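Respectively, the protein sequence lines represent chains G and W.
One point on numbering: in UniProt numbering, the residue at position 104 of the first sequence is 104, and numbering is uninterrupted.
One point on numbering: in UniProt numbering, the residue at position 345 of the second sequence is 345, and numbering is uninterrupted.
One thing to keep in mind: the hints can contain errors.
Claimed, not checked - Output of the computed footprint for chain W on chain G, the stretches with three or more beta carbons under 8 Å from beta carbons of chain W: (1) 30–43; (2) 78–84; (3) 270–282.
Unchecked claim - For the chain G half of the interface with chain W, some residues (derived, Cβ under 7 Å), not all of them: (4) R20; (5) L64; (6) G66; (7) S319; (8) P335; (9) Q347; (10) L375; (11) Y379.
Stated by the list, open to error - Cβ pair distances, simulated, as ranges: (12) W/V103 <-> G/Q209: 24 to 34 Å; (13) W/C97 <-> G/Q34: 40 to 50 Å; (14) W/C97 <-> G/E302: 25 to 35 Å; (15) W/G137 <-> G/Y28: 27 to 37 Å.
Hints listed in this document are in silico derivations from the structure and should not be mistaken for laboratory results.
It should be emphasised that the depicted structure is a prediction, and the values quoted were computed from it without experimental measurement.
Glycine residues also receive a C-beta, built at the ideal position from the N, C-alpha and C atoms.
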Amino acid sequence: MTSNDSIETPLLRVPFESLRRTTRERKYVIDEVQSVVSTLHEASTRPCSRDEGEKTLDGVLQRLEGLKRKLHETTKVEEVEARRCKARLEHLVSIGLPEKDEATKWNDKRMDRILADYMLRRGYHRSATQLARERQIEDLVDVHIFAEAHAILEGLARQDCSAALQWCAQHRTRLRKIRSKLEFTLRIQEFVELVRQERMLEAIAYSRQHLSPWSDLYQADLQRALAALAFRAGTACKPYAALFEEGAWKELAELFRKDLYRLHSMPLDSQLSIHLQAGLSALKTPQSYSSTSNKEDPLSTEKFQKLAEQLPWSKHVHSKLICAITRDLMNEHNPPMVLPNGAVYSQKAVQMMAAKNHGIFTCPKTGVSCDVNDLRRAYIS
Amino acid sequence: MENFEVALKEAEKVAKRQRACASKSADSLNKLILEVTEARKQLSAPGAGVSDVFNALEGRLSKGDVVKDIADNTKELHGAVNKLGKAVDKAFVQDICAALRPVQLDEGILDQVIAEHLYQQGNFTVGDTFVQEAGIGNAAALKKPYTAMHAVLEQIIARNLEPALRWAKEHQAQLTASNGEAAVHAFEFRLHQLQFLHCLQSSGPAKALEYARANFGPYQESEMAEIQRLMGCLCFVRRPGASPYADLMAPSLWSDVAREFSRQCCGLLGQACESPLLVAVAAGSLALPTLLKLATLMAGQNQDFLTCNQLPVELELGRQFVFHSVFACPVSREQSTPDNSPMLLPCGHVLCKVSLQKIAKGTVRPFKCPYCPAEATLNNCRAIFFPDI
Ligand SMILES: [Zn+2]
Chain G
1 MTSNDSIETP LLRVPFESLR RTTRERKYVI DEVQSVVSTL HEASTRPCSR DEGEKTLDGV
61 LQRLEGLKRK LHETTKVEEV EARRCKARLE HLVSIGLPEK DEATKWNDKR MDRILADYML
121 RRGYHRSATQ LARERQIEDL VDVHIFAEAH AILEGLARQD CSAALQWCAQ HRTRLRKIRS
181 KLEFTLRIQE FVELVRQERM LEAIAYSRQH LSPWSDLYQA DLQRALAALA FRAGTACKPY
241 AALFEEGAWK ELAELFRKDL YRLHSMPLDS QLSIHLQAGL SALKTPQSYS STSNKEDPLS
301 TEKFQKLAEQ LPWSKHVHSK LICAITRDLM NEHNPPMVLP NGAVYSQKAV QMMAAKNHGI
361 FTCPKTGVSC DVNDLRRAYI S
Chain W
1 MENFEVALKE AEKVAKRQRA CASKSADSLN KLILEVTEAR KQLSAPGAGV SDVFNALEGR
61 LSKGDVVKDI ADNTKELHGA VNKLGKAVDK AFVQDICAAL RPVQLDEGIL DQVIAEHLYQ
121 QGNFTVGDTF VQEAGIGNAA ALKKPYTAMH AVLEQIIARN LEPALRWAKE HQAQLTASNG
181 EAAVHAFEFR LHQLQFLHCL QSSGPAKALE YARANFGPYQ ESEMAEIQRL MGCLCFVRRP
241 GASPYADLMA PSLWSDVARE FSRQCCGLLG QACESPLLVA VAAGSLALPT LLKLATLMAG
301 QNQDFLTCNQ LPVELELGRQ FVFHSVFACP VSREQSTPDN SPMLLPCGHV LCKVSLQKIA
361 KGTVRPFKCP YCPAEATLNN CRAIFFPDI
């Protein structure tokens with residue numbers, strides 16, 4: 001294998017980035033411990049009263065106990081993420097690389113976790129956890145991340161922003177770093193709901209408290225939202241109609257999902273979609289769409305044709321010829337033989353049938369019979 | 001593979017470092033707390049000098065190097081994590097979405113396809129939960145074809161061929177119509193053969209012989225050679241491993257028959273033998289590394305990989321993924337179509353019609369084959385076709 005071409009990126013990125021972050025948090029805690037100790041040092045260099053001394057030591061103890069708790073939390077997360085990294089790499093080592101012509105069998109070993117990831121992204125939490133448990137792939141699936149998201153998405157489905165806002169507060173620094181617009185959008189939505197209910201004074205108060213801090217970043221959005229005060233829900237006026245639309249809540253949920261994925265170093269799309277797009281393109285040939293198409297071809301079914309609708313066709317600059325009788329590849333070792341009617345079968349098939357039928361070959365598709373001596377070999381490069 | 005192994009070693013080191021660092025840091029912190037608690041006690045004792053207590057504490061802390069210990073351990077953990085990070089960077093593609101088009105796959109259809117996959121794989125429990133959660137309406141219809149099949153498969157795995165034999169008998173007419181009599185005979189005989197061998201191993205030669213006499217009759221003609229071999233087995237029962245018939249005792253015969261059964265079954269159901277979702281994902285896993293590289297490359301050259309309507313390169317996925325004969329003209333490098341069919345020259349070389357007409361320059365005069373010295377005219381070239389598999 002050459003450098004960095006494994007397509008299992010999300011499998012490792014997710015636990016590793018979390019591990020890296022957590023060990024960084026450990027460093028902050030340790031820095032804090034150092035600063036606490038230096039206050040002790042400071043105290044020992046200048047004279048102070050017993051009262052002051054007692055207060056200093058009590059303060060120090062309180063801070064140290066707090067840091068101890070934090071360190072304990074950090075340790076727990078580190079342990080879990082280090083275990084996940086290890087388990088996932090062990091899994092990759094154990095399934096190895098696909099042997100020639102064994103790609104389907106090999107992917108069978110990856111399929112369950114790819115499906116579990118898709119189920120989680122779609123919000124099918126029970127299916128995902130059941131699948132993970134049954135196939136014993138819990139360490140290979142990010143159920144924990146979606147468990148955290150579940151309550152928030154449920155809240156948004158009930159048109160309630162509170163859980164989502166809480167989540168924003170919890171991850172404020174990191175969300176700011178990835179330039180998340182989520183919190184601002186949630187605030188706008190709460191504001192719009194007040195306007196929808198005609199609670200104008202509250203809306204104004206709300207905008208002062210929660211919207212104005214964003215004015216530097218999103219001035220245009222903010223102004224447009226504030227102007228909504230002048231309209232009612234149900235307005236036909238273009239940008240304002242959109243603000244009041246029910247779809248806004250769905251978009252909010254999507255925005256949250258995206259930020260959740262970014263925060264956890266997950267790709268925005270599932271491995272399933274990524275694989276299907278690539279795979280369906282690679283398989284898409286005009287022959288798939290013929291009515292007599294091989295049913296082993298996923299693209300011979302209506303459902304997969306629909307899935308592949310907007311995807312590009314595969315490219316073939318070399319011929320790949322399969323004998324319809326033996327299903328063997330036709331090449332120089334098993335050359336293609338042409339019947340007088342133009343149908344092509346492999347030499348192997350022709351010889352097999354001729355041996356049984358006194359030198360007569362009958363084309364199974366057209367029913368035409370001919371003497372094997374009338375067949376002509378084709379040379380295909 | 002090697003990259004994974006390197007990364008795994010680093011991950012193991014991280015786990016070890018993390019354990020060491022966590023326990024040492026916790027110890028040091030506890031020690032620190034203990035010392036400060038002690039100092040606090042001393043301070044409340046009557047007559048204690050404030051600066052004495054502080055100085056003593058300071059002395060104990062610097063002697064124990066408590067703080068430095070914690071800092072060193074943390075640094076070591078960071079070092080190990082950074083190394084793991086480098087190994088991960090080296091093993092995995094950076095942006096797995098680079099080749100992704102901004103099109104959304106129809107989620108409703110995808111859900112149905114997944115439900116069908118779960119049922120086809122025999123994962124009925126998860127299948128049922130999934131169908132419920134995804135709100136799939138025609139769930140019963142998706143599941144039904146596989147219900148009978150999986151009951152039989154489970155029995156084959158438990159070394160019971162009765163249900164499979166019964167199934168083959170019940171579906172004999174349909175199987176014959178779709179696969180031909182010879183194939184059906186061969187499949188039936190495979191089942192009887194395995195049942196005979198199983199009988200021989202579990203109940204002895206007398207019972208096996210009885211089974212043979214009762215069941216091998218219809219296959220006398222087509223399978224004589226094999227029947228002779230099976231009868232030969234009867235005298236080697238005691239040491240089957242050393243007999244010339246060892247291959248007949250291999251456990252893989254059972255999984256082969258199970259696989260053959262599910263192929264036949266899916267075939268009759270008009271289904272693909274392999275789960276189409278799995279096949280598509282497998283094709284994707286082979287195509288992705290190339291497509292990702294290509295997408296990066298083309299983005300650098302300002303070419304748009306994401307809008308072309310044919311992939312810019314040929315992907316070699318292997319025989320497993322060739323479901324149709326594809327003829328590509330060696331001259332134009334284009335695939336044949338019904339309007340541009342492959343043409344056989346008298347010398348046996350094959351070109352597409354369009355290429356041939358270009359070479360002939362639209363005349364009936366003879367021209368030279370581009371691949372050999374032979375001459376041909378348009379009139380003595382003829383169209384050929386590759387029947388569907
Ligand atoms: Zn030629």
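Agreement of hint G/P335 with chain W interface, Cβ distance less than 7 Å
9 Å, violated
Cβ-Cβ distance between W/C97 and G/E302: within 25 to 35 Å?
28 Å, holds
Hey, does the G/Y379 contact hint survive, CB to chain W under 7 Å?
5 Å, holds
Cβ distance range 24 to 34 Å for W/V103 and G/Q209, holds or violated
Check failed, 41 Å falls outside 24 to 34 Å.
Holds or violated: is there a CB of chain W closer than 7 Å to the CB of G/Q347?
Interface hint status for G/Q347: violated (13 Å vs cutoff 7 Å).
For the stretch 270–282 of chain G, do at least 3 residues have a Cβ located nearer than 8 Å to some Cβ of chain W?
holds (count 12)
Satisfaction of the G/L64 interface hint, Cβ to chain W closer than 7 Å
5 Å, holds
Given a cut of 7 Å on the nearest C-beta pair, is the interface hint for G/L375 held or broken against chain W?
11 Å, violated
Take the C-beta atom of W/C97 and the C-beta atom of G/Q34, compute their distance, and say whether it sits inside 40 to 50 Å.
42 Å, holds
G/R20 as chain W interface residue, shortest Cβ-Cβ below 7 Å
6 Å, holds
Does the Cβ pair W/G137, G/Y28 satisfy 27 to 37 Å?
At roughly 53 Å between Cβ atoms, G/Y28 and W/G137 fall outside 27 to 37 Å, so the hint is violated.
Have a go at the G/S319 hint: is there a Cβ in chain W nearer than 7 Å to its own Cβ?
5 Å, holds
Checked against the numbered hints given earlier, the structure breaks hints 6, 8, 9, 10, 12 and 15 and satisfies all the rest.
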